[in-house]
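Protein chains: 2
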Amino acid sequence: MDPVELAALLGLTELPAGLEAVEVELDRAVVVTRDEIEQPARRVVLGGGKRLRPALALGCAAAATGRDGDAVVDPDVVLGATAVELVQAGSLVHDDIMDEAGERRGVPTINAKEGPSQALLVGDFLLARAGQLAATVNQDVAGLLAAAIADLCIGQSAEVATLFDVDRSVSAYEDSIRGKTAALFRAACEIGAAAAEAPDGAVTALATYGTAFGMAFQVVDDVLDLVSTAEALGKPVGNDIREGVYSLPVLLALRGPDGAALEARLGHRPGEDEVAHALALVRGSDGVAAALDRAREFNAEAVAALSELPPGPARDGLAALPDAYLDWVLDAKAPDLVAGAATAAGR
Amino acid sequence: MDPVELAALLGLTELPAGLEAVEVELDRAVVVTRDEIEQPARRVVLGGGKRLRPALALGCAAAATGRDGDAVVDPDVVLGATAVELVQAGSLVHDDIMDEAGERRGVPTINAKEGPSQALLVGDFLLARAGQLAATVNQDVAGLLAAAIADLCIGQSAEVATLFDVDRSVSAYEDSIRGKTAALFRAACEIGAAAAEAPDGAVTALATYGTAFGMAFQVVDDVLDLVSTAEALGKPVGNDIREGVYSLPVLLALRGPDGAALEARLGHRPGEDEVAHALALVRGSDGVAAALDRAREFNAEAVAALSELPPGPARDGLAALPDAYLDWVLDAKAPDLVAGAATAAGR
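Residue numbers (this note's numbering), protein chains in the order written: chain L, 1 to 347; chain R, 1 to 347.
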């Protein structure tokens, strides 16, 4: 989903201009006196990414104020959107240290190329730079951004604490992703609105929208890790199983008829044959479909929160986005699953 | 130097009350829903520390406004001082990952006890929490704090990039410590003043004061790593040599008569006999005395910046602090050096 597709969906013709302004600010944000920071920061910040969070921030600024196109290119809104994307980049750098990841988007991670110490510092730097940009906007934006980073850490830590735990509960899973993923979606939405000086009620409604859409986003991401292909994902399938992150489809499959067989392959660092067995068992279970149902429920929750906002094309765009994103990403990364569901529905 | 000694030195009888309020806020700041974050965060934040940076923030609030005792217990000033100490704690947690340190202040590091992933997250959390507190004070304080964290990363990264480099220049050393240490001293002073709504001129003067005192602080810390005892330091002497961090006394000794002999022991990860030889060569050189002279110069620069502030007891206290701190720490951790210098001066 590129900026033009996002713009069409969000009903905001100015969105590409706003996202272009975000790129300019991202490029500025990584300029520092030391090459050891700037070069790797530049690689991770400007090396691609869907810019979904900045687009959300811009869309929310428009929807919350009714200023539509004008809000999307407001310099404060652009800075707030940039700050959110810098947090995303910094947290990916730190995630890659924890996962000992060698590549991301086809290029070496900072961890792999410059080493874990520089990766730690570049991640810290990106989070700090995000804070600097947020503080130039206003006090509210600075506070919302810092709170989201704290929540990211808490959610990620909850995940680390339950690695390889076959007794992980669904609510423990949801608590973790509410922090590690949904908090930054929430912040993107809140910050877009707060940077545009939207009324408090709109900021609160968009916090609910962003949280719920972020939950759906992560559930679907977790489904794809289990059912997509290495080619479509750009990384091996089943990495969560390998690393002991038991996501919603796995937790639901553990409670299903083949739960005992699945459990025998989990709870420890698995061999590749165990990964393959576990993936087959999860795919054959109801866990995948049930998880996608849960994602649709979160999307519905997101859309319901928008009733607090003034009606208009920007609000309509935000309302269409969650399901459109879910359909797009499933079609792009798990076409067989979509075809299978269509066949099942047509029976 | 405990709060009562600091208070006497700073001429602020209310300082212990202000520092006690900082302790209360630190205790509040580490409360989170997840024990995996709270327990280690609590251990590092509340496990000791001289609280020199918060004391500086409180002292600067008093000196910058002329409000003296009143400013020291101002809730915004206390929150700003707390935010600075949280940054210090978070950066220590991340330093311990990079150094693979097993203990700090006699207790296991988070890295050693909970593992590097949790240490990374706890460090990130503490930096984020600091940002949250700063944002509750005002926009300036939030911006100053975030800028200091970015500078910390840049300075630390410059150090990582010159490990084991015997050709490291004195200016490269000073650039690195200006970021990794002086930036947070600067922020403590600026934030104390900015939280108390001091005039811009006072904030700028105190930035100069804090930077220069921070430079002196780090130079002396680096001297002590070379000339103190394991007992006084609470860690082995010569760790910087072991880790390849060549500080000012070493760089100066490399340019002295025994430079070639010293260089033969450096440039690579040394054996313990090489560490002992290198330490003896540095101690026997003029590098230690010259580094201490440089520290006194930085202190003089710090004091000179105070002429911009309104005269009064708080300003006098700040003026006395840099040399008093230097004398205190040398006496506490390297009494032989002080005695030797006195003998030399008496010749």
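Keep in mind that a hint or two might mislead.
[What the hints assert, rightly or not] Here are a few chain L residues that sit away from chain R, every Cβ distance over 12 Å (derived from the structure):
id	residue
1	142
2	266
3	275
4	290
5	296
[Stated by the list, open to error] Think about it this way: if two alpha-carbon atoms lie no more than 20 Å apart in a straight line, the pair counts; the simulated EDC-like pairs of lysine to aspartate or glutamate are:
id	chain 1	residue 1	chain 2	residue 2
6	R	113	L	99
7	L	113	R	99
8	R	235	R	301
9	R	235	R	70
10	R	50	R	100
11	L	50	L	100
Please keep in mind that the hints were generated in silico from the structure rather than gathered at the bench.
This one's a predicted model, so the numbers in the text were calculated from it and none came from an experiment.
Glycine included, each C-beta is placed from N, C-alpha and C at the ideal position.
These are the hints, each one checked on the structure:
no.	hint	verdict
1	142	violated, 4 Å
2	266	holds, 20 Å
3	275	holds, 21 Å
4	290	holds, 27 Å
5	296	holds, 28 Å
6	R:113 with L:99	holds, 19 Å
7	L:113 with R:99	holds, 19 Å
8	R:235 with R:301	violated, 31 Å
9	R:235 with R:70	violated, 39 Å
10	R:50 with R:100	violated, 23 Å
11	L:50 with L:100	violated, 23 Å
When each numbered hint is compared with the structure, violations occur for hints 1, 8, 9, 10, 11.
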